[in-house]
Amino acid sequence: MRKFVFLLLVFQACSLPLIITRYETLWRMLAENKYEEAVKYIEEIKAREYPRKDALLYFLDLGIIYHYANQPLKSNFYFEKAERLIEELFTKSLSAEASSFLLDDTVLPYRGEDYEDIYINVFKALNYLKLEKFDEAFVEVRRVNQKLRILEEKYQRVAELYNEAQEENGVKFTPGKNTFFCDVLACYLSLLIYRAEGKFDDSEIDRQRILKAWRAQPQIYPHPLPPWIEKPSFPPNQIVLNIIAFVGRAPLKYSTVLCIDTYEDNLVVITSSQPEETFYDVLYLPVKPGYRFKFALPKIRPLPSAVAKIEVVINSQLKGELFLLEDLSRVAQEVYEVKAPLIYLKTILRALAKGIAAQKAEEKLRGKKEHTEWINLLVADLTKAAVELTEKADLRSWQTLPDKCFIGEFPLSPGIYNIVLKYYTETGELLEAKEFHQYEVKKGKLNLLEAISHF
Amino acid sequence: VIDIIPKIIAVKISLSIWRGSVPHTEVIGPNTPHSLTLSPSYFVKYIGSLSIVLTISALEIIFLKRKEDEKMRNFLIYSIILFFFLGCATREVKRIEVESQVDLSGRWNDTDSRFVAEAMTRDVLSKRWLEEFHEKYGRKPVVIVGTIRNHTTEHINVDTFIKDIERELINSGKVKFVATRQERVEVRKERLDQQEYASEETAKRLAHETGADFILQGAIKSIEDVLEGKRVVYYQTDLELIYIETNEKVWIGSKKIKKFIKQARYKW
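Heads up: the sequence lines are chains A and B, in that order. Note that my numbering gives residue 924 to position 103 of the first sequence, counting from 1, and the numbers run on in steps of one. Note that my numbering gives residue 1558 to position 107 of the second sequence, counting from 1, and the numbers run on in steps of one.
Worth flagging that the hints you see were computed from the coordinates, not collected in a lab. Misleading hints may appear alongside valid ones.
As the list claims (entries may be wrong) - The calculated lysine-lysine pairs, modelled on DSS-like cross-linking and capped at a C-alpha distance of 27 Å, are:
#1 A/K1264 - B/K1640
#2 B/K1710 - B/K1614
#3 A/K902 - B/K1672
#4 A/K1160 - B/K1545
What the hints assert, rightly or not - If you want the ones that stay clear, here's a sample from chain B, every Cβ over 10 Å from chain A, calculated:
#5 L1581
#6 T1603
#7 E1605
#8 R1639
#9 G1680
#10 I1693
Just so we're clear, the structure is a prediction, and the values are computed from it rather than from any experiment. The C-beta atom is built at its ideal place from N, Cα and C for all residues, glycine as well.
Isolated chain A, as found in the complex (with noise of 0.2 Å):
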């Protein structure tokens, strides 16, 4: 029985994620703009690198991918699906989450996080918006606001079930606060299309809102804000080609290696185990002293774009610059601290469980005077070795999804343009350069064109 033990630990050790191999070939090919290639690619390792329990990730990885390659039926198909799925889980499997507790998150299905929940409903309004379904992406801008609405009190709500159920143990469960309570991207395409349907009041009620967002969230929106929203400069029925352009890469989740070391008196403390990084908390839990374990805690860091500025050329003529909007890395960011440490508590929790009883294990086995003793102290070290493998992060999330979105708004005549979108870096360097043959700006309808680069 033990060595079954032995190898199902080893097993889900070195069951590593193969996320950054998959992520590194996806990248590349987006950066080549080869989104049939990325399709194909995901179809292809879908047996091998998503599994069921991952299977949030293919439709939130397929729903963007078609966002970009510009087909919104097929990517909203995708996005409905992540959708309904992130519903379905909200029912827990039991014995998933007896599993999880003791290997580690990354047997759970994965269920998204709340900012790639928020974010779904934003690229679905853009479908919508590229096919011209204004209720429709009415119906996904409300959404947004729902999702953020019970964000807070989501967390608020598990904290006191926990601490309900801690109370003999004496450990208290305090959710992050939430600071994140109105998205100015979904604010700003429902300004798009009340001024597209010329419900100018109604516009310009999305514009207050997106003011008082960014006065109110000074730490997610800490840039300037767009000068046309501070003060209109042109009247609401005025034809424009509004221009919205994606940037970059999701943040990545990395994991951190912490330690725990219990004392008398149930202290427990916890301390970075990387000399880089310094880390110091001290909990009471009713544990024996002497214990050591390690376990690893994930944790979310930006990848910032490389692009800094976005240039504007409308018929071979420079016409402006675009402005960063929203920062879906730092909102990200804000949105995970939420919950961040509730994953903390459960992770100690476990590390501990699982280090004690693996301790007790390797004691029992240490002691035996077999003729096989030199078995039983191999397994002994193997499994103490594989408990703290398995204790690794759950460093699975949405990796396709952009980090900064900017926007633009040029006046014009109705007519047939070449837009052109130069990409630079902070340093001037020409990154990159879009090109958009003969696009037709309309009167009475919304002009919106979309860009993407991945640098």
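Keeping the supplied structure of chain A fixed, place chain B upon it in accordance with the hints.
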């Protein structure tokens, strides 16, 4: 830990087999109103539960490899294989009445659409405007359904709802209907085409369309409250009948539906 891991793995294996056998919603053909695969029968559930227990014991015995358990081990392996085959043959399809009420996800569905359309039609046909129009013009009023907007947080097929209303109104025999704006585009194209290619006797005349007297407009709105897998959705459908010549609103109707949807927090 050592004792419980194989049990959990065994439960997982059994459940994945079991779950694989749980049917899902599937619409089979365009002419089939509803072909839903329903939840597994109690028999399948019973076999499933039994097999979980058997699998746990079997795995323990298989991995322990005790000689005295050899017969038992073989029996249990066959039981698992048998369950696997049983699990593969559990899809059940039933034809159900179009009128029957089936709520799966809790979202706006055909039942809501039909229910609201019937209630609104009853209301609009029972009001004074119809009588007054008859008295004044001595004919049935001509109605057109304009835009009914979706202001909810769900994707509602408004076209189905519009068709439900049109059908109810036409079948009442009290009003006449003309084609909607989208439908007219195609009809006009056809009429123009006839001027060129159809015989003189059969070609339909231009500029002889029936102008609508009234337009029906409105919106479906929703208010949603969500907490912990519980959802209360309140739908309100507001419709207005407007006399096209004078912009006079002759009828305003409202129909409300409230739904409570509960999703289990845990499953096996």
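Now the hints, each set against the structure:
no., hint, result
1, A/K1264 - B/K1640, "holds, 24 Å"
2, B/K1710 - B/K1614, "holds, 23 Å"
3, A/K902 - B/K1672, "holds, 24 Å"
4, A/K1160 - B/K1545, "violated, 44 Å"
5, L1581, "holds, 30 Å"
6, T1603, "violated, 7 Å"
7, E1605, "violated, 6 Å"
8, R1639, "holds, 21 Å"
9, G1680, "violated, 6 Å"
10, I1693, "holds, 19 Å"
Hints 4, 6, 7 and 9, counting from the list given before, are not met by this structure.
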